[in-house]
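In short: position in the sequence shown from 1, add 5, done, that's my numbering.
Treat the hints with care, since some could be wrong.
[Claimed, not checked] Each pair of labels, with its calculated beta carbon distance range:
| hint | residue 1 | residue 2 | range |
| --- | --- | --- | --- |
| 1 | S34 | P168 | 34 to 44 Å |
| 2 | S199 | H328 | 38 to 48 Å |
| 3 | Y133 | T264 | 16 to 26 Å |
| 4 | D129 | G263 | 13 to 23 Å |
| 5 | S130 | A236 | 35 to 45 Å |
| 6 | E109 | H326 | 41 to 51 Å |
| 7 | V329 | P106 | 43 to 53 Å |
| 8 | Q304 | S115 | 33 to 43 Å |
| 9 | Q304 | P196 | 24 to 34 Å |
None of these hints come from the bench; they were simulated from the model.
All residues carry an ideal CB built from backbone N, CA and C; glycine is no exception.
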Amino acid sequence: MIVGQKDPSSERLVFTSSVDGEVWHPEKSVGAYEWWYFDALSDAGNEAVSIVFLDTRVEADGADERLSIPPSNSVSLIRPAVSFTYFSGGKIVCQAKADFPRKEFSASDSSPRCSIGESGFRFDSAIYGSGYLVSVALPLSRGRRLRADLEWLAIESDLDPVPGPIRSEGHWWNMVAPRCDVSGKITIEGPRDSGRESHSFRGTGYHDQHLDEGWLTGSLSSWQWGRAHFADSTAVFCRFSGPGCPEGRSMLLLTGDGTLRSLEPVEQGGSVPENGKKGFDLVFTDGAEDLRLRAVPQQLIESNFYRQRFLTAITLNAHGHEHVANGLSEIVAPPALRYRMLSWLGRLRATSGL
Numbered sequence: 006m007i008v009g010q011k012d013p014s015s016e017r018l019v020f021t022s023s024v025d026g027e028v029w030h031p032e033k034s035v036g037a038y039e040w041w042y043f044d045a046l047s048d049a050g051n052e053a054v055s056i057v058f059l060d061t062r063v064e065a066d067g068a069d070e071r072l073s074i075p076p077s078n079s080v081s082l083i084r085p086a087v088s089f090t091y092f093s094g095g096k097i098v099c100q101a102k103a104d105f106p107r108k109e110f111s112a113s114d115s116s117p118r119c120s121i122g123e124s125g126f127r128f129d130s131a132i133y134g135s136g137y138l139v140s141v142a143l144p145l146s147r148g149r150r151l152r153a154d155l156e157w158l159a160i161e162s163d164l165d166p167v168p169g170p171i172r173s174e175g176h177w178w179n180m181v182a183p184r185c186d187v188s189g190k191i192t193i194e195g196p197r198d199s200g201r202e203s204h205s206f207r208g209t210g211y212h213d214q215h216l217d218e219g220w221l222t223g224s225l226s227s228w229q230w231g232r233a234h235f236a237d238s239t240a241v242f243c244r245f246s247g248p249g250c251p252e253g254r255s256m257l258l259l260t261g262d263g264t265l266r267s268l269e270p271v272e273q274g275g276s277v278p279e280n281g282k283k284g285f286d287l288v289f290t291d292g293a294e295d296l297r298l299r300a301v302p303q304q305l306i307e308s309n310f311y312r313q314r315f316l317t318a319i320t321l322n323a324h325g326h327e328h329v330a331n332g333l334s335e336i337v338a339p340p341a342l343r344y345r346m347l348s349w350l351g352r353l354r355a356t357s358g359l
């Protein structure tokens, strides 16, 4: 897979970075889905926010049902969901995930916009720039309620555009805006107006979209990725394997000054640092000099039966300079989605929040 490649026949994973391609794709095949992902780290590196909007949950409970329905009825099987996590001071402050009925989902097939219940996002332009207005309203445990209003102002975006909606078989990774200024407020309201707790947030963020023409387990066997924002650039890395690439592939995407470079490793391996958490090293070449990226998970900030997200120490050695920053990394294990018991437990958690 390389930047600009639009034929997924060999690897089932296609990359782009396109605002125009981010629109909703309602005419999907049975079992298809897409999600929109936003995350950010605070300027101090000790707070993290992650938000996901899904037009259809990827858990296994509906897979057999979707596959038994004619393609013309596939849209009626949309099962929208929203998830939110706010991590600060070494712990999860609040976390919520909720499913919604089909009637509470709305998205545009001509512009980046989606609403699910009282939550949603939209792409907007102003005199100071373009970006995303993101709002989340979800129930928490003990009768509390979460409200978050945040802005992802794009700094680096639309780096590998496609003209209009993306259409193809396979799994599309649309890294729409890999670097954004993020600001806003997170509010936790107590039951029956018993008080509120507010947190102001400011930091650097990331936004992407994933679209799959089939069930996730059919396109990807494993997916490990992460990113870090340095002073003048952003590094996004991933390891993936799938039906067309069982041995696995890795890549490094470097953005800065409105450009995007895609590198594949000449060397890769795992490492076990002193804290006992397993990280990995990747060595890339840009034709002039090798670049080494090292990612070491530091603290688990979000977990379910098929996904784990970590606060991660990331080091990039490039052209004689060492760049160090906190970042986020994630491990996704799609095969776990085949187990219905785990999916049932996941649904039990979907209506709860810390």
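Hints and how they fare:
no.: 1; hint: S34 to P168: 34 to 44 Å; verdict: 22 Å, violated
no.: 2; hint: S199 to H328: 38 to 48 Å; verdict: 46 Å, holds
no.: 3; hint: Y133 to T264: 16 to 26 Å; verdict: 23 Å, holds
no.: 4; hint: D129 to G263: 13 to 23 Å; verdict: 20 Å, holds
no.: 5; hint: S130 to A236: 35 to 45 Å; verdict: 27 Å, violated
no.: 6; hint: E109 to H326: 41 to 51 Å; verdict: 49 Å, holds
no.: 7; hint: V329 to P106: 43 to 53 Å; verdict: 46 Å, holds
no.: 8; hint: Q304 to S115: 33 to 43 Å; verdict: 41 Å, holds
no.: 9; hint: Q304 to P196: 24 to 34 Å; verdict: 30 Å, holds
Checked against the numbered hints above, the structure violates hints 1 and 5; every other hint is satisfied.
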